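Here's the letter readout for the chains.
2 protein chains.
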Amino acid sequence: MDNILLIASSESDANIYYASRFLAPDSFIYLATNGKSFLLMSDLEVDRARAQSKVDHVLSYSDYEEKAKQSAKKSDGPTTSIAVVSVLLKEQGITDLTVPFNFPLEYGDALRALGYKLSIKKEPLFEARAIKTADEVAAIRNAQISVESAVDSAMDILRKSKIEGNHIYSEGVLLTSEFVRQKLHLKMMEKGCVAEHTIIACGVDACDPHNVGAGPLRANEPIIFDVFPRSIETRYFADMSRTVVKGIASNGLKKLYDTVLEGQELGISRVRSGANGKDIHEEINLLFENRGYKTGRVNGRMEGFFHGTGHGVGLDIHEHPSISRKDCILQQGEVVTVEPGLYYPDIGAVRIEDMVLVEENGCKNLTTYPKFLEIK
Amino acid sequence: MDNILLIASSESDANIYYASRFLAPDSFIYLATNGKSFLLMSDLEVDRARAQSKVDHVLSYSDYEEKAKQSAKKSDGPTTSIAVVSVLLKEQGITDLTVPFNFPLEYGDALRALGYKLSIKKEPLFEARAIKTADEVAAIRNAQISVESAVDSAMDILRKSKIEGNHIYSEGVLLTSEFVRQKLHLKMMEKGCVAEHTIIACGVDACDPHNVGAGPLRANEPIIFDVFPRSIETRYFADMSRTVVKGIASNGLKKLYDTVLEGQELGISRVRSGANGKDIHEEINLLFENRGYKTGRVNGRMEGFFHGTGHGVGLDIHEHPSISRKDCILQQGEVVTVEPGLYYPDIGAVRIEDMVLVEENGCKNLTTYPKFLEIK
Chain A
1216 MDNILLIASS ESDANIYYAS RFLAPDSFIY LATNGKSFLL MSDLEVDRAR AQSKVDHVLS
1276 YSDYEEKAKQ SAKKSDGPTT SIAVVSVLLK EQGITDLTVP FNFPLEYGDA LRALGYKLSI
1336 KKEPLFEARA IKTADEVAAI RNAQISVESA VDSAMDILRK SKIEGNHIYS EGVLLTSEFV
1396 RQKLHLKMME KGCVAEHTII ACGVDACDPH NVGAGPLRAN EPIIFDVFPR SIETRYFADM
1456 SRTVVKGIAS NGLKKLYDTV LEGQELGISR VRSGANGKDI HEEINLLFEN RGYKTGRVNG
1516 RMEGFFHGTG HGVGLDIHEH PSISRKDCIL QQGEVVTVEP GLYYPDIGAV RIEDMVLVEE
1576 NGCKNLTTYP KFLEIK
Chain B
1216 MDNILLIASS ESDANIYYAS RFLAPDSFIY LATNGKSFLL MSDLEVDRAR AQSKVDHVLS
1276 YSDYEEKAKQ SAKKSDGPTT SIAVVSVLLK EQGITDLTVP FNFPLEYGDA LRALGYKLSI
1336 KKEPLFEARA IKTADEVAAI RNAQISVESA VDSAMDILRK SKIEGNHIYS EGVLLTSEFV
1396 RQKLHLKMME KGCVAEHTII ACGVDACDPH NVGAGPLRAN EPIIFDVFPR SIETRYFADM
1456 SRTVVKGIAS NGLKKLYDTV LEGQELGISR VRSGANGKDI HEEINLLFEN RGYKTGRVNG
1516 RMEGFFHGTG HGVGLDIHEH PSISRKDCIL QQGEVVTVEP GLYYPDIGAV RIEDMVLVEE
1576 NGCKNLTTYP KFLEIK
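As they're listed, the protein sequences go chains A and B. Start counting the first sequence at 1216; every next residue gets the next number (our numbering). Start counting the second sequence at 1216; every next residue gets the next number (our numbering).
Hint data in this document are derived by calculation from the structure and do not stem from the laboratory. These figures come from a predicted structure and were not determined experimentally. Take these hints with a grain of salt, some might be off.
Which copy is meant is left open, because identical chains are indistinguishable; a pair holds if it fits in one copy or across any two.
Said to hold, decoys possible - For lysine to any residue, the following SDA-like pairs were computed, each having C-alpha atoms within a straight-line distance of at most 20 Å:
| no. | residue 1 | residue 2 |
| --- | --- | --- |
| 1 | K1337 | T1295 |
| 2 | K1493 | Q1397 |
| 3 | K1269 | I1346 |
| 4 | K1406 | G1430 |
Let the hints inform the model, and build the full structure from the sequences given.
See the structure below:
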């Protein structure tokens, strides 16, 4: 069994949150060894960590800092956090450590200078983090239910709105990306989820897949919704994309939509335990090429299908595994998105995204929101 | 001039966001050398980065990956991101690099294996990030205006509520931490700010400074509000704490409140360019001790004043500088909190926090919300 050392803030590092189930804004220290887990916590956090974290032993950083000072004896300099960690490592008889790829270089150097041998482990640091438990799937599904409800309320605004020229009006208000995004963010917050940078991108904006969109939404042009909030309570994410047109879609856009949908259905049909994400991604790529949709740079801008097919979803919005041009074998219990897209400034942009649970002989779609292009 | 290399996601790393002003969920590469700045961006992000980032040159990661493959020739293995970065470093004639303390260890090792010499720079990596420009101060103040408005709407709920026994009712609803927090989060989102984990902690909960609070708010007991949202648009934070009682505060609590307020006013009076944060923190500590409020562990739990006096606020909620037991010289243009607190389970908990702008001969308070203990 490896000795795993993490030093990070659990607000920004999902591994230390996963290992400790303790949320704190500042960096803290986690150690797992011999089936036991430890936190070294500041005076500010130690009592809360004892009450809330799932580790076996919550130790006082101040106590270990005192021990480090005593063993350093005459040194006047400040006691570094690595000197403090080292007291605990010595108590536990540890000389070899496994650390994540993103372990801070300064701490890595300091540990090596003290004689510790470090092994770097790539993601997934904790294999179990990729394989979701029933509770984790329920947390993701709950976030997804909120997404679907919020997206539907945004679609309702479009359904009830009126087209005048190229513009769309809802109860006299000119509909913009910003207006609909704000409504959707408020709906998400009502449901205890934080959504930021929700993509509501129309026309050419939508051809840049991570452009959030700005300005008036236009009738008869594709509008991509990509919504990926985190539940405040559980900290799990959900992720869904839909593409709609208020009004009439051109024939070119309809064909583009049908092709992306065909690609997405193909991808979903291929997701199962043991499948290679790379094969799934390449099969969708091939389908798009066979339908005449090429990928590459045109006038210096990327067109076609130039992002991955999918990614794991959990405590991070993008986590292991991937369905992309890299080899990656899917495993039962993983939650992944399937979200191909095609982007052509002269036709339009379409992305359709569901989240699915990888199963032994297929997958279960965690997304139940309907797929439709036109809103009359 | 140092050559600075960053590899991180700007959603979670404020330095790469500060340097690039480009927001992306996945890790990307930033290099500054000879007064020029570069990004290496994936196909998915390259066009958006060209439109939105403030760097001089946005380069295509795919192009550099191709160059790395060609120079590796017969290698069949995957091309690592460090091999790709190395092509750019060689083009720029760079052999020495400055990286942040939290540069990923795996990348540090890989760069050293290729012969690059790394210098690790502690925070602040960018000195200028600590010294706020007029625009940055305005962004923080704007977030703070939203905080004050949202907190006042929460206070309004308390003002209009009725006490029955120990409990507080608002229009017939039993007031809980969760209820008031949700109202406050919605208000913040209406104003384009994301607040999470807002502390609305009553009684003994409040004695654990980062406990967010749960369950019914009780009359005649201290309730700590600590609100620290981020503006979605600017990404700057604000931070404010207030302590109130619905009903009547005990004499012991009133004295505790007056002492914390005296400590806070003392702290604010000491903040100026050139002051040492450590001296300010120790002076407040001494005041509290002189007033008879001791700090230490009682029955295994921390009591008294056992957190820092303040921290920098900007693109991170906790950033350089600090006003704590560490030496740290304050500089003109920094924005810091001044937030002493005293916590005793048998008396109550009080924390009062303002954000101030460090000036040459003092400071400017960016917080205008009044300070009051009792709400009748």
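Okay, the hints, checked on the actual structure:
1. K1337 with T1295: The answer is between: 13 Å across copies meets 20 Å, while 26 Å in one copy does not.
2. K1493 with Q1397: Result: close neither inside a copy nor across copies, 37 Å intra and 43 Å inter.
3. K1269 with I1346: within (19 Å within a copy, 39 Å between copies)
4. K1406 with G1430: between (27 Å within a copy, 18 Å between copies)
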